[in-house]
Amino acid sequence: MAQLSKEEIGRRTKQEERAMMWRSVKQNKACYAMLAPFMLFFIVFTVVPVVMSLPMGFTDFNMAQAPKFIGLSNYTTLFLSDKIFVKSIRVTIVFALFTGPVSYVLCFLLAWLINELHPKLKTFFTLVFYAPSMANIFTVWQIIFSGDMNGYINSFLINLGLINSPIQWLTDGNYVLGVTIVVQLWISLGAGFLALRAGFQNIDRSMYEAGAIEGIRTRWQELIYIVIPSMGPQLMFAAVMQIVSSFTAGTVAQNLVGFPSTDYKAHTIMTHAYDYGWVRYEMGYASAICMVLFVVMYLLNKLISRVLSKYMD
Amino acid sequence: MAQVNTMKLKASNKQAGRKIGGTIAIFAFLTILGLFMLFPIYLTIVMSIKPVEELFIYPPKLYVMRPTLLNFSDMFSAMSQNRVPFSRYVFNSIAVTLSVTVLQCIFASMAAFVLAKCRFPGSKFINSIIVIALLYQSNVIYIMQYIVMARLGLIDNPLALILPSVASPMGLFLMRQSIGQIPDAMIEAAKVDGAGLFRICWQIVMPNQKPALMTLIIFAFQAAWNIQTGTVVFQEQYKTLTTVAAQAAASGLARAGVASAVSVFVLIPPIVVFMLAQRQVIETMAHSGIKD
Numbered sequence: 001m002a003q004l005s006k007e008e009i010g011r012r013t014k015q016e017e018r019a020m021m022w023r024s025v026k027q028n029k030a031c032y033a034m035l036a037p038f039m040l041f042f043i044v045f046t047v048v049p050v051v052m053s054l055p056m057g058f059t060d061f062n063m064a065q066a067p068k069f070i071g072l073s074n075y076t077t078l079f080l081s082d083k084i085f086v087k088s089i090r091v092t093i094v095f096a097l098f099t100g101p102v103s104y105v106l107c108f109l110l111a112w113l114i115n116e117l118h119p120k121l122k123t124f125f126t127l128v129f130y131a132p133s134m135a136n137i138f139t140v141w142q143i144i145f146s147g148d149m150n151g152y153i154n155s156f157l158i159n160l161g162l163i164n165s166p167i168q169w170l171t172d173g174n175y176v177l178g179v180t181i182v183v184q185l186w187i188s189l190g191a192g193f194l195a196l197r198a199g200f201q202n203i204d205r206s207m208y209e210a211g212a213i214e215g216i217r218t219r220w221q222e223l224i225y226i227v228i229p230s231m232g233p234q235l236m237f238a239a240v241m242q243i244v245s246s247f248t249a250g251t252v253a254q255n256l257v258g259f260p261s262t263d264y265k266a267h268t269i270m271t272h273a274y275d276y277g278w279v280r281y282e283m284g285y286a287s288a289i290c291m292v293l294f295v296v297m298y299l300l301n302k303l304i305s306r307v308l309s310k311y312m313d
Numbered sequence: 001m002a003q004v005n006t007m008k009l010k011a012s013n014k015q016a017g018r019k020i021g022g023t024i025a026i027f028a029f030l031t032i033l034g035l036f037m038l039f040p041i042y043l044t045i046v047m048s049i050k051p052v053e054e055l056f057i058y059p060p061k062l063y064v065m066r067p068t069l070l071n072f073s074d075m076f077s078a079m080s081q082n083r084v085p086f087s088r089y090v091f092n093s094i095a096v097t098l099s100v101t102v103l104q105c106i107f108a109s110m111a112a113f114v115l116a117k118c119r120f121p122g123s124k125f126i127n128s129i130i131v132i133a134l135l136y137q138s139n140v141i142y143i144m145q146y147i148v149m150a151r152l153g154l155i156d157n158p159l160a161l162i163l164p165s166v167a168s169p170m171g172l173f174l175m176r177q178s179i180g181q182i183p184d185a186m187i188e189a190a191k192v193d194g195a196g197l198f199r200i201c202w203q204i205v206m207p208n209q210k211p212a213l214m215t216l217i218i219f220a221f222q223a224a225w226n227i228q229t230g231t232v233v234f235q236e237q238y239k240t241l242t243t244v245a246a247q248a249a250a251s252g253l254a255r256a257g258v259a260s261a262v263s264v265f266v267l268i269p270p271i272v273v274f275m276l277a278q279r280q281v282i283e284t285m286a287h288s289g290i291k292d
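In order, the protein sequences belong to chains Z and R.
If you read the first sequence in my numbering, its first letter stands for residue 1, the second for the next number, and so on.
If you read the second sequence in my numbering, its first letter stands for residue 1, the second for the next number, and so on.
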């Protein structure tokens with residue numbers, strides 16, 4: 001932590017620096033005291049496990065024996081000879097491209113539209129759109145997409161005469177990724193959506209009045225000139241949540257189209273990590289996979305926060 | 001000004017350039033999309049009250065012909081077959097959910113306030129760590145967490161269900177983003193008036209943060225309610241309601257029916273909390289006092 005304050009303090013001798021630091025720490029005693037309860041549990045149950053898991057990517061670790069250092073070989077195997085990993089990168093990108101931006105826009109759009117309604121309807125519609133992310137139910141989707149004629153979609157399409165024989169939604173390689181994306185979109189109006197709803201509720205009403213006086217005539221103008229500029233923090237929160245959920249999705253596919261899915265068509269990077277971590281107990285390799293995913297997500301987060309902050313200010 | 005505000009509010013949410021036609025179009029759009037969203041949940045509810053013989057008939061029906069509560073009674077009997085009385089699970093769930101939710105909200109609010117509004121050695125560093133913690137998803141963490149918990153003697157201890165969930169980086173991030181929007185001038189004014197940080201946080205900042213806090217309560221409750229005892233606690237007497245419900249879903253006779261009943265049952269408390277909290281969010285209207 002000592003290095004971090006350097007830039008703020010400027011050039012001084014080390015002793016002076018340390019003395020200043022110490023004074024500053026003492027001045028902010030109250031801050032540390034209020035931070036302490038959170039930090040205590042955060043460090044013990046999140047930071048320590050994360051730091052412990054960082055070097056695992058460079059080891060061969062099967063949980064039974066102590067981890068053995070093997071340098072970069074996990075990473076070279078990943079990129080050079082693991083064909084399924086390369087495939088899973090493609091699946092993850094397709095998956096994230098479809099679910100991430102779409103559900104981000106949907107979160108914002110719906111939060112805004114709901115905000116236009118009468119207060120009683122607001123609670124109702126917020127619940128309607130948020131309920132799927134609370135429910136997390138897969139059984140019903142298995143029945144909706146069931147491959148026999150009992151499946152709701154199949155029987156519906158057969159009734160309409162669009163198809164003659166049932167489609168194997170959950171096992172046909174052509175459909176598994178599409179089905180997974182649909183279900184993921186269904187549950188994706190979660191944390192980001194609610195945070196945006198709260199953000200809308202937090203906009204000072206006098207801002208709207210001021211806007212009306214200054215010549216704002218339509219909902220659209222209000223959205224662009226008043227709402228979006230004052231929702232920056234919530235938009236950022238929703239973006240981070242969306243990155244996490246679209247890149248680390250794996251449970252939907254595993255519960256819906258099986259594990260592994262047909263031809264690895266719905267095999268995301270996270271599923272791959274699950275495969276090596278919890279099925280084959282190659283924890284070192286699984287860590288390396290997660291590390292790659294983390295780096296990608298981190299860079300994307302940097303990019304999005306830069307774009308958003310440029311737009312907000 | 002404030003009077004005008006409340007009057008306008010009572011006159012149903014009128015703002016610049018609202019046409020009734022637009023509002024109706026929005027309502028229609030949301031209703032249609034909402035029906036799609038609700039369809040699977042509706043089906044789950046229907047399936048939970050379907051008798052076994054109706055589950056697999058062709059063509060599949062969107063409604064129940066002879067509704068039954070058999071699936072629910074199967075679920076409850078599967079849940080009460082253990083040595084431990086059913087009320088014990090209820091107690092465990094309430095204890096875990098309540099303590100996680102309350103502690104998470106208090107800890108996250110205080111930490112978020114400090115991180116959003118104070119500059120002190122380490123604040124920048126901690127701020128960046130929070131986002132990294134959100135983005136770093138690795139299944140290896142669970143093993144490391146297990147090792148840490150074993151060292152602390154928490155394995156097979158009911159505290160193992162509570163303590164790891166008490167500090168949520170997501171909750172902190174949410175609150176920090178929201179508190180950051182409060183003008184510094186307000187906090188400075190309170191400081192000048194001689195209020196300490198703790199008082200500023202709870203008496204000035206948090207009352208203005210009802211929407212974010214209520215949202216955090218929803219998240220925290222939902223996560224805590226769904227905590228599965230799984231790998232850290234083995235004794236039957238420490239298991240939570242959702243854990244035994246999941247077990248019942250896996251072992252039920254007519255699995256799809258009982259599993260649906262479990263889904264419906266597990267969903268009810270979060271929805272109730274959601275309704276209560278969300279009403280608070282809607283009723284809060286940001287008004288004067290928060291101005292730059």
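Everything labelled a hint here was simulated from the structure, so no lab data went into it.
Incorrect hints may have been included.
30 Å max Cα-Cα, derived DSBU-like pairs, lysine-lysine [to be verified]:
(1) Z:Lys29 x R:Lys191
(2) Z:Lys120 x R:Lys19
(3) Z:Lys26 x Z:Lys14
(4) R:Lys210 x R:Lys124
(5) R:Lys191 x R:Lys210
(6) Z:Lys310 x Z:Lys83
(7) Z:Lys29 x R:Lys210
(8) R:Lys19 x Z:Lys14
(9) Z:Lys26 x R:Lys19
(10) R:Lys124 x Z:Lys29
(11) R:Lys191 x R:Lys124
Hint check:
1. Z:Lys29 x R:Lys191: Holds, because 15 Å separates the two Cα atoms, which is no more than 30 Å.
2. Z:Lys120 x R:Lys19: Holds: Lys120 (chain Z) and Lys19 (chain R) sit about 19 Å apart, inside 30 Å.
3. Z:Lys26 x Z:Lys14: Given that 30 Å is the threshold and the Cα spacing comes to 18 Å, the pair holds.
4. R:Lys210 x R:Lys124: Cα-Cα ~26 Å, so holds.
5. R:Lys191 x R:Lys210: holds (22 Å)
6. Z:Lys310 x Z:Lys83: violated (39 Å)
7. Z:Lys29 x R:Lys210: Satisfied, since the Cα-Cα distance of roughly 27 Å is no more than 30 Å.
8. R:Lys19 x Z:Lys14: Measuring from Cα to Cα gives roughly 66 Å; hence the hint is violated.
9. Z:Lys26 x R:Lys19: violated (58 Å)
10. R:Lys124 x Z:Lys29: holds (16 Å)
11. R:Lys191 x R:Lys124: It holds: about 22 Å lies between the C-alpha atoms, which stays within 30 Å.
In terms of the numbered hints stated before, the structure departs from hints 6, 8 and 9, listed from lowest to highest.
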